[in-house]
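Enquirer: Each chain, written out:
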Amino acid sequence: MISYDECVSEIQTLLAQSHAGGSIVPPESDLIDELGLASLDVMELIEALEDRFDVAFPINELGDVRTIADLAQRIQNLT
Amino acid sequence: MSLLQKLDAARDFQDQLGQLGVNAIGATIDVTGSATEGRIEGKRVILAGTNNYLGLTFDPACIEAAAQAVRTHGTGTTGSRLANGTYTGHAALERELSAFLGTQSAIAFTTGYVANVGAISTLAGSGDVIMLDADSHASIYEGAKLSGAEIYRFRHNDPADLDKRLRRLGDRCARTLVIVESLYSMLGDVAPLNQFCEVVKRHGAFLLLDDAHSFGIMGETGRGLAETLGIEDEIDFVTGTFSKSLGSVGGFFASRKYDVAPLRSQIRAYMFTASSTPSVIASTRAALKRVAQGQALRSQLWKNCQRVHEGLTSLGFELGAAPSPVIASLMDSPEQAAAAWQVLLDAGVYVNLVVPPGAPKNLSLLRCSLSAAHTDGQVEQIIEGYAAVAQRLFAQPRAAATAYA
Chain A
1 MISYDECVSE IQTLLAQSHA GGSIVPPESD LIDELGLASL DVMELIEALE DRFDVAFPIN
61 ELGDVRTIAD LAQRIQNLT
Chain B
1001 MSLLQKLDAA RDFQDQLGQL GVNAIGATID VTGSATEGRI EGKRVILAGT NNYLGLTFDP
1061 ACIEAAAQAV RTHGTGTTGS RLANGTYTGH AALERELSAF LGTQSAIAFT TGYVANVGAI
1121 STLAGSGDVI MLDADSHASI YEGAKLSGAE IYRFRHNDPA DLDKRLRRLG DRCARTLVIV
1181 ESLYSMLGDV APLNQFCEVV KRHGAFLLLD DAHSFGIMGE TGRGLAETLG IEDEIDFVTG
1241 TFSKSLGSVG GFFASRKYDV APLRSQIRAY MFTASSTPSV IASTRAALKR VAQGQALRSQ
1301 LWKNCQRVHE GLTSLGFELG AAPSPVIASL MDSPEQAAAA WQVLLDAGVY VNLVVPPGAP
1361 KNLSLLRCSL SAAHTDGQVE QIIEGYAAVA QRLFAQPRAA ATAYA
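Heads up: the sequence lines are chains A and B, in that order.
Note that this note's numbering gives residue 65 to position 65 of the first sequence, counting from 1, and the numbers run on in steps of one.
Residues are numbered in this note's numbering as their position in the second sequence, beginning at 1, plus a constant of 1000.
Hints listed in this document are in silico derivations from the structure and should not be mistaken for laboratory results.
Every value quoted in this text rests on a predicted model; they were computed, and no experiment measured them.
Just so you know, even glycine gets a beta-carbon here, dropped at the ideal spot from N, CA and C.
Honestly, I wouldn't trust all of these hints.
To give a feel for the contact side, a few chain A residues facing chain B, derived at Cβ under 8 Å [to be verified]:
hint	residue
1	A16
2	L40
3	E47
These stretches of chain B come out as covered by chain A in the derived footprint (C-beta under 8 Å, 3 or more residues) [claimed, not checked]:
hint	stretch
4	1069-1076
5	1164-1170
With the hints as extra help, turn the sequences into a complete structure.
Expert: Below, the structure written as structure tokens:
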């Protein structure tokens, strides 16, 4: 099983490349309101995480995901 | 967030579009007497941003059928298909569609959007899985959401990615509906349907093909991409629309493998909406006959597609896909796309302006769509319009873009 911290770290790394201008943002950052991701960006982020951890993340659950921490928790539960 | 804050967000979005300085979204078009010409803000334009692929909106036989039906059967059915809204024409259209497609049965819907929402939300339910292409039409997403099934996306037109994601599902593949489109409406790219069929079959899942944009224009008899590839028997379910090549409005759901007719009493989007008007049904039936015998129309359409694709490529436009009736020019920004759209309009050519979030991958593009009804002269005028865009907006003359194979 992948640790929560490992999930957070992977999300932070992916976001640093795509939306955070190279910076590592805190886990409580809101993906849409603070980091400015569009819904399509969130789905692409999830696709990358699915591949990284070899899990299947149903997009029905996207509505409950606001922050990096939320997403990391969900991904960890799937591993 | 209060309920009304959503109105503010919608207004902000409208303002953003307004800042592009053009009136492209929801432009009012005055169409009189022609499938390929109209007026926008009083200016005569060639319509190159429709889905009127075979130009049948003004086919004399279709018009006559519609006119006769409205005189004989009235302006509307005032009821749903399960109540008083199934006239002999509705039933005849379904029989004719089924015979044309070689399916066990076919169900006609009021719109293509409703066909997808109804079919998908009924085929899959709680405990099932829907696996859809990332660039799927909104109606597919809506149907999937409404179904209550778990929804997963795979990367657009990527059979290897689908394969990987189905593998992760394991035994659940037997309860999985995979959904792809034949020809994608924004970029004009075609699905690798052969490969998708192979992957879906290997995993024991089911495949639904949304054939909205290739129906009527591909295949020897116009039955779409699957006919071209000779794999119609491999497709579990197919949906489509009457509002593209058939030139009217409506949609269908059919299958060669299964009899879908019993689902009529389960599909809420079929049961609880008014049925198509008799005139729409009549013109659709007439158009279906034209499609079945429409080799000449298809040849003309593809000739027009080839010519415009070549013309735009040689002007240096980066295009979204190989030649098809949808030719998307990828622009650098929403602002550049809007300026280009206005240049084209000024040159007498109407195309669709597509800006984020309307296009995949946050692209900004000009969506040109061709019709068999475009004359050689109109085709050249469309290319001349794009030449004006290239001259006005490209800082340096561009070399010919790399053409798609």
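Enquirer: What hint numbers does the structure not satisfy?
Expert: 1 and 4
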